[in-house]
Amino acid sequence: MNFFVGVDIGSTATKCAIVDSAGNLVSSTVVATGARAIVAKTAALAEALRQIDAGPEQVAFQVATGYGRKRAEADGEVTEISCHARGASYLYPGTRTIVDIGGQDTKAIRVAANGKVETFAMNDKCAAGTGRFLEVMARALEVDLEDLGALSMRSQAPQAISSFCTVFGESEVVSHLASGVEVEDIALGLHEAIAGRVVGLMRRVGIESEVTMSGGVSRNIGMRQAIEKLIGCTMNISPQSQLMGALGAALIARDRWLAAEGHQREDANVQ
Amino acid sequence: MTTKILKTTALTQSVMRDYYASAGKTTCRKVAWATAIMPAEIATAAGMDVIFPESYSASCSGKNLGAQLIDIAEAAGQSQETCSYTRAELGVRLGGPGLYGGLPRPDVLLCCTSSCTTVLKWFADVARHFNCEMIVIDMPFNFSGKITEHSQRYIVKQLQEAIRRIEAVTGEPYDMEKLSQAVALSQEAGDYYKKCLELGTTKPAPMTTIDILTNLAPITCMRGTQAAVDVYKSLYEELSERVAEGYAAAGEERYRIVWDNIPFWFALGKTVRFLSEFGAVLVGATYLYHWVRELDPKAPLETLAREFATSITLNQSVAHKIDKIAAIVKSYQADGLIIHANRSCKADSLGALDLQREITKRLGIPVVMVDGDHTDPRAYSEGVVQTRIQAFLEAIDAARESAATAA
Amino acid sequence: MSNEAFSSLLQRCSEALADRRSYIETWKARRPGAKVVGYFPTYVPTELVIAAGALPVGMWGGPVAVSRANAYIQQYTCSIVRSTTEYALKGTFDILDAALFPPICDAVKLVSSIWNLDFSDRFLVDMVNLPERLDSTASVEYLGAELQRVGDTLAGLCGQPITDAALRAAITSCNRMRSLQEELYRWRRTAAGAGVSLAQMQTVLQAGTLFDSDEYVALLEAFFAASGLATSAGKVRGLPVVVTGLPCQQPHASFLDVFESSGLRVVNDDLFLGMRACGQIAMDGDPYANIARAFTESVALATRYHSQRPRHEFVLEQVRAAKAKGVVLLIPKFCEAEWFDLRYLKEQLAQQSIPCISLDFEEDPGSLGAVQTRLEAFAETLA
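Chains as they are written, first to last, in my numbering: chain A, 1 to 271; chain B, 1001 to 1407; chain C, 2001 to 2383.
Think of the hints as simulated: they come from the structure by calculation, not from any bench.
Fair warning: there could be bad hints in the mix.
[Claimed, not checked] Some chain B residues near chain A, calculated using beta-carbon distances under 8 angstroms:
| id | residue |
| --- | --- |
| 1 | 1077 |
| 2 | 1184 |
| 3 | 1234 |
| 4 | 1378 |
We put the CB at the ideal spot given by N, CA and C, even for glycine.
Bound-form chain A, shown alone:
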């Protein structure tokens, strides 16, 4: 029985996904990346194999993605953009636009029915519009980051935040607090400002239903609502969203192995 491995080595967490020869997800793990990509990969893979009682000799092909992909000694390396698209497509075959808001960057991806990337746009030069912005603002508001989304939903009257820069934005927030604006109104204003930037990025690739959201910030219910309000439709959000990159990498590993073997790819059913 052949297995295909995808490993997504991020700056803090390393995710591993295994799919079987039919293209079904059978195992996954998450470990801390630590100092060395190769060590994290080995540990994640060992655990994922242990879960399905399989051995390394059954792994036919491995693809690494993410920040540490070049140091993972895998059979292939593919960018997280392509892997995310493939993984999201597996979970939501109807998805055509994906938005991923991470800590340090935000990506918008247009994906075809077969999971291939048509076009993409990224924002990583500026923190506004990423998870980092929310972290900084949560500190300024003296609120836990995890509570920020829920807090924003209590507001009826968002305080507009106009700065396009994290530094200016922080000083705007502080000044609103000093003027007595309610914390939840500022929080909602912040979410709307970020949603505006994110949706602007999404428009660059074209927003086509279904829209899937992934990345750490997708756990923030306030962000989800703010974006959905602007795009006018609800988004797919998977509890497995953290695995999307590794899952896509595993599927791509299978694709490449099959292509090398000259086989036709048979589509697996998604449960």
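Add chains B and C to chain A, keeping to what the hints say.
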């Protein structure tokens, strides 16, 4: 404190209302979009309705529509590093909330580079969008501070080419006599306008900078028309009366301040009110002097070429700009100069660092730079600007104290 | 790179560029009293400088840390105007006797004027006032007269008049240089040249903005003479793409290397296109008018306007000529001209179903991980 409202303002507002209401509505009159420093008299003379999208963007900015329009433009892929007038106009073109429901569709574009090179890129985009012709008047930068003979000839030839193109657009033979008449009217309006600026330098100021800016549209947009003459004649008469009675439009003038660069239209009123809390009055703006020209209806093409190429500091050397601004600031007996460090206008902002140093050196007055943008409110932070202005006024006080103790 | 002749050409070019001062001083030592005239992108007719007996040297900036220049130029401008100003303030350009600027955009126009105000004690500063539009019947006459004026200024600086004979000889030399550079682009599209990287092309072309034109012509001729015997580059790897946005500010070589390491092979580009685009200048008649005419017949860059020759046609032609699979649009950060063209080029490319990606860049490469990810992802969409 209440000030007398200029009576002319009502006239200006009615003139501009009619202008926007009628532009593009008469089928036999073609519509031309022109850049701000374009010799539009050549189009007015051919019976065209001439629209100035930069003026329009400035008005949208003043009415706080800039942010929304800019968002639309940036969502379509326009960079925030491009001139914000052009982003606002693009926002309107793409269906955003522009004043008066937007601008009438152009039949032809008139693009003159004496204000900046950016307009050439912008209008080329507009031409593609509307699939219409763009007539270009390339006015070479006067590097030595003076226009060269070959630049002058080049511009005149392009104006001649432009006239032939305008004939093709209107389908009517061009009447050079009408051009002379349009130039005569422009000069008449311009003469009154210049006299208004001169009266504006009186101490105490008979009108504030906001007053004149509220009455700026006819000289910028109504080139070669009787309506513009009427407005500035009225303003001149009104100001003459005020000066005769020693009327102080802003009351006590503890600090007389001149402004350099395009204002941040969306926050100018607030800034002026903030200044007034300290008895500081914005008595003049260097920007107003772009419309002071010496046109001769007997030599219309030659003088249009020369004057439009040389009357705007943006098309002359930085050295020349500094000299001109120093003279303007001096003429107002100003206590200080505020330079707007306008983020998305390189043509007016580059050279400001030298300007700041030179004005301080030559005139011995404080000069402060405040960050902002003419149409993009995201580049402006009220708290930061007001703090800086307050510190600047304190610097004027300090300079006065030293002068007093030295005396 | 299995082609020894190219390696040798590349090495000579790199060495000279690595120590420009040394190259210039050696050149000057052979010609006592001769002058060195710097020029700013995208184009200055160096024929005039050569005819005056001076060495034209391109001022293409560099990844220098900018600090002194902040007192003259705001930070929201492209890095090339700031880096060249920084070099001027550090004294790096004191070896120049003059600096010439074309009016390609508002930033360059005003910065040249700032140099004129603040650096005229170091060297002569002047503008070669090229028309901003190439399509007026009056542009040729205007430019011819302007070039005569510049010629007079250069003659004054160099203490010798510019004769027609000298100008024609300079035109001959530069025509030959441009012809050889065009040959290099053709060679690069063959199997023999397919291994040449974008960074290597940059080096060879940039050397053309430093070397004495006759010496550079000789180098290129020697290369072509020797490379005729070279074997093919072997299996050609990488997805073929066209790169545009390179006539002015230059990315650092490490940024350009990311193209090949991302699985892309650059088959056509507009590196230093402003300097190459005049093609073959005519020899009969008034040389100033001929240079002017050649300029008005040149390709439209982001910084040159011609109503009948829009830039997208040139980009599409580059794609067709090299059978490229996609286009990379490079934008110098803060460059209005390239930013205005971006939306329009993307639309035109989409209409022809040609995939493209845009990236902005500064002279300082910064962290290349993000660039690598984007270019790799783009390559993955082309595969």
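Results for each hint:
For residue 1077 of chain B, the shortest C-beta to C-beta distance to chain A is roughly 6 angstroms, which falls under 8 angstroms, so the interface hint holds. The beta carbon of residue 1184 of chain B comes no nearer than 47 angstroms to any beta carbon in chain A, farther than 8 angstroms, and the hint placing it at the interface is violated. At its closest, the beta carbon of residue 1234 of chain B sits 39 angstroms from a beta carbon of chain A; the interface hint therefore is violated under the 8 angstroms criterion. Checking residue 1378 of chain B against chain A: minimum C-beta separation of about 5 angstroms stays under 8 angstroms; hint holds.
Hint compliance for this structure: hints 2 and 3 are broken, all remaining hints hold.
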